[in-house]
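Let's have the full structure, built from the sequences with the hints guiding it.
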Amino acid sequence: MERVGEQVHPGIAPRHHRTVEPDPAVPLRKVDHYTPPRIDRWRDARENAPPVRLHPRTTVPFEPMPSPQPPAITAAEIRRRLDEDRAAIRRMFHEGAGGQEMAQALSDRTDILLCTLWRKLAPELIGKVELIAVGGFGRGELAPWSDIDLWFLFPADAGEEEMTRIQPFLYALWDAGLKIGYAVRTVRDCIAAMRENWQTATAVMEARLVFGRGALFDQLQEHVIKFFRRRRKAFVQAKLDEMDARHQKGGKTAFLMEPDIKEGIGGLRDIQTVFWLAKAWYGAAGGGNLISSGALSVRERQQLLAAQDFLWRCRIGLHLNQRRARDRLSFEQQMRLAEAMRYAGGDRPAVERFMKDYFRQAGRVVRLSGMIVMHFDELLHPPRLARPRPIGGGLTERDERIDIAHQAVFREEPLRLIEVFHLAQQGHRRLNSTVLRRIRADVLLIDDELRADPRAYALFLAILRHERNVAWALKAMNDTGVLGRFIPAFRRVVGLGQFNNYHAYTVDEHTIRTVGEARNFYHRLRTCRTPLASEVAARLPRPELLYLALLFHDIGKGMSGDHSEEGARIAADFCRRAGLDAAACALVPWLVAHHLDLARTSQRYDISDPEVIHAFADRMERRERLDYLYCLTVADIAAVGPQVWTAWKGALLAELYQATAQVLVGDRIDGEAWRKRLAEERKGVLEQATDGARTAVAAGLRLLPDAMVRQLTTERLLQVARFLGGCHGAERVETVVEREYGGTLVMVHSRSRSGLFAALAGVISDCHASVVSAWAFDLDDGRIIDLFLVQTMEGGMFDHPGDLERMRRKILGVLTADPLPRHRPRTDWKVDVLMRQVEPKVALLPRASARFTVVEVTAADRPGILADLAAAINRAEMRIHGAQISTFGERLVDVFFLERADGAPFDEASRRRLFDALYRVITLPPEGDADDT
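Numbering-wise (this note's numbering), the sequence shown opens with residue 506 and increments by one.
To be clear, the hints were calculated from the coordinates, so they are not data collected in a lab. For each residue, glycine too, the CB sits at the ideal point set by N, CA and C. A portion of the hints provided could be inaccurate.
16 Å max Cα-Cα, derived EDC-like pairs, lysine to aspartate or glutamate [to be verified]:
1. 633 / 662
2. 633 / 665
3. 1335 / 837
4. 754 / 768
5. 1346 / 1361
6. 1188 / 1220
7. 633 / 667
8. 738 / 882
9. 861 / 844
10. 1315 / 1236
Label pairs and their in silico Cβ distance ranges [said to hold, decoys possible]:
11. 1046 / 1412: 46 to 52 Å
12. 803 / 1304: 54 to 60 Å
13. 894 / 1065: 49 to 55 Å
14. 1348 / 955: 45 to 51 Å
15. 957 / 734: 37 to 43 Å
16. 913 / 993: 24 to 30 Å
17. 1184 / 1123: 26 to 32 Å
18. 803 / 746: 26 to 32 Å
Encoded structure:
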């Protein structure tokens, strides 16, 4: 449908100062019980007055046609009327009205407003032009700040001048702040547009008459019926493709922690799409034929309508809260909606209860719309084989689709509820809509008796051991409720969200994605996060134990207490019930209990310290455990969210894994061995230098302390030594892009000055870069070198030449300043609702390093916080020798490796001084002082 700004008729373009959004007219769902409006006619008091038709729900009486000079109506008056309408909807919302009821009520009120304005602002067009509602408005559904889509239907002989007479009407709506999408067309124009554009055809499908005689609209409807009778297959296929593309773009899941209620998977658009399909295929009674054709049961239709009502209530609440058309359910809005919809807390926060309901309804939409989509796909692509082929157990196959031979298949043998997924997994088969419905209907047959049946566990383990489609099978079992019935504790995490910016998915969705990530290790796909994971996974003797550990690693989040400990207990019980051998019964619960250890140690400990590596190796006990834990950790991190895995995290994990593996195979490192290794490392660095750089590298190596040689990789040592060899005692800055680490190394050489680290961190923040790791070393000539690994604020490569040069110049400005610029904390940030959820904490990590005092700071992340923390450490008379920076959404965990500036031992007075300084930085202002809520 043409929109404002598309120059349908140049004479009716919006005024230049007005902002109008021209997004395409994608209509909303046509509910199956909706019937075309009946024709009501009013007659003018004058004899020859034309009959006019209104939407049946409107109550505006027909009045005599006004004079050619109607009384003016101001934008303020229209805005007042809109405010009254929205206030009425707000009252309905707080009184508990249903979402569909409110959407229709607002559409009714908008009808009345438009009819009133049409009489006043376009009286000469009454009886000639018909005002048509399309899109969501055409369906009789509006949210408070939705766009209003209108067509002006003119007779075929209308001239350009006559068409411009709708201009005052449109200007009045725009001036009042409404977003109006419109098109000016004849019936012939509409037919041509339908043939060119499926979205236009969809809009016409849901069009209704708002004001006018109805003769033109009736002509249009006749053509619409013929159009879909001829082109229903092409239309349905186009809509299926459109839905698939939207799902691909939306992350392929409904279980995102900040979902889009309208366009997201499991949202209103999915419901609307399946009813479009039904109406195009079956005609006006599309919804009823979905039931009679077996695509939906009566109960399922009721569930779909209930989900639609819940989603509409959420969407209207979002609009009312934000006073604008925004349909993403952000964390802040989740809290506000949970309160507005009167969810109560208890053992779980109110917002968690609300989101559990949301994900249950979205899951229903996914499940039911998926079955309907499958139904239409089967209609478009009927089986090639005339008869189904029996595959055993009352199941049949035809064209790689599994079906049931009769409705009692699962009642006869409940074990088939698990077996059917193994059969589908083996042959790359799909489960058709009939068998999916039967599985969901009979899922309660999985009871204590079946959960005690060794055959059920044998089938489940066979699914995990199979060479393909493991994650698919688990997802299908979860979607049908089979997984939660077979492992009751898993039901607690279905649809369970985590109220933070770090976890992108619900717990059950994340869990199944971890198995998919682990499967990629074996296929060496492009999606495999690191080649090392493929190498290690190839050595695992029993991959199914890795999948079991992944399946249980977060299952404890559905209970109170430490989720790792709870998950280990549940995993141990399952392994015992499954009849696994003693080694497996020990390994799987251990992996669940320790599933965070590798990530935490790599990101928070000094993994260049031999004592740290030895202690970690002692916890691992043997190489096999380390191998399983490494694969589990990579899969776990990679499945948290799209941007969570980084090359830097991968490098830290690999470094810790390889160092620990070396110890576990018997290569323990004592003092003399370290000295020999350091000498060999220096020699190896020099050998790797090119002839032209050898002199500079040799000079740089002479300045490097042993601690630096021990901590940095050979490649990085070569870069640093070359850099130092060219400094000749001068202040210098250089950057090296390190794609293997996912960032850029910033090397800074300077004289030692108090507060320099904080000043450098502040400059990096000002350049819109984020520090992920940092080191500070005293050189043997009395000067210092600071190293920063930086990324973009979003975790990507900070490698644009212009950005790097700008950062280099700013850092040089700091190095040559005397005195150093005074540290000024950034104030360009506000506290949001998620930041309030982070408990600020400062703690010592006594086993993290044998050389330094290690302090861990947990705080709400914000711009410039690293520089603020570094300045606080400097004020506490401590020196920074290294830092590891980790962000988990809104939560920051920084680990600093410190020593006292005067070299004295770290005592209780030092601890109090340091902790006080850090808490002053990480404690948020009182609520209301700096909030953005």
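Quick rundown of the hints versus the structure:
1. 633 / 662: Given pair residue 633, residue 662 holds - Cα atoms ~11 Å apart, limit 16 Å.
2. 633 / 665: 14 Å, holds
3. 1335 / 837: 14 Å, holds
4. 754 / 768: 10 Å, holds
5. 1346 / 1361: 8 Å, holds
6. 1188 / 1220: Distance ~13 Å between residue 1188 and residue 1220 Cα, so the pair holds.
7. 633 / 667: 10 Å, holds
8. 738 / 882: 10 Å, holds
9. 861 / 844: Roughly 14 Å separates the two Cα atoms, so the pair holds.
10. 1315 / 1236: Distance ~13 Å between residue 1315 and residue 1236 Cα, so the pair holds.
11. 1046 / 1412: 46 to 52 Å: Given range 46 to 52 Å: holds, Cβ gap about 50 Å.
12. 803 / 1304: 54 to 60 Å: 59 Å, holds
13. 894 / 1065: 49 to 55 Å: 50 Å, holds
14. 1348 / 955: 45 to 51 Å: For residue 955 against residue 1348, whose Cβ atoms are near 47 Å apart, the range 45 to 51 Å holds.
15. 957 / 734: 37 to 43 Å: Roughly 56 Å apart at Cβ, these two residues miss the hinted range, so it is violated.
16. 913 / 993: 24 to 30 Å: 25 Å, holds
17. 1184 / 1123: 26 to 32 Å: 28 Å, holds
18. 803 / 746: 26 to 32 Å: Holds: the Cβ-Cβ distance is about 30 Å, inside 26 to 32 Å.
The structure does not agree with numbered hint 15 stated previously, though it agrees with all others.
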